[in-house]
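Could you put the whole structure together from the sequences, leaning on the hints where they help?
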Amino acid sequence: MNNLPQATIAELDNAERQPCEIWTRVMGYHRPLASFNIGKQGEFHERKFFSEAAINAGR
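The numbering used here puts the last residue of the sequence shown at 1378; the count rises by one with no breaks.
No lab work stands behind these hints, which were simulated from the structure alone. Everything numeric in this text was worked out from a predicted model, so none of it was measured. Cβ atoms here follow ideal geometry from the backbone N, Cα and C, with glycine treated the same way. Treat the hints with care, since some could be wrong.
To be verified - Across the chosen pairs, the derived CB separations fall in these ranges:
hint	residue 1	residue 2	range
1	S1354	N1322	17 to 23 Å
2	F1363	N1333	20 to 26 Å
3	G1361	D1332	30 to 36 Å
4	A1376	G1347	26 to 32 Å
If you want it as structure tokens, here you go:
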């Protein structure tokens, strides 16, 4: 017998949603992305993410 509750997918109307605030680390401290000017927001979206393990394995 399976007594686990079934997960339900919540369907939200756009009016019920709230924006998600994105923070990033800049110059040693954290700042919200929304406070960046247009140029800095563009730089943020151009960032490349990497894994140190993958870089060290290439040596």
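Cβ separation of F1363 and N1333, checked against the hinted range 20 to 26 Å: About 25 Å separates the Cβ atoms of F1363 and N1333, which means 20 to 26 Å holds.
C-beta pair S1354, N1322: status relative to the range 17 to 23 Å that was hinted: Once the Cβ atoms are compared, 48 Å apart, the range 17 to 23 Å for N1322 and S1354 is violated.
Cβ distance range 30 to 36 Å for G1361 and D1332, holds or violated: holds, 32 Å
Pairwise beta carbon distance, A1376 to G1347, judged against the given window 26 to 32 Å: Taking Cβ atoms as reference, A1376 and G1347 lie about 28 Å apart, which means the hint holds.
The earlier numbered hint that this structure contradicts is number 1, and it is the only one.
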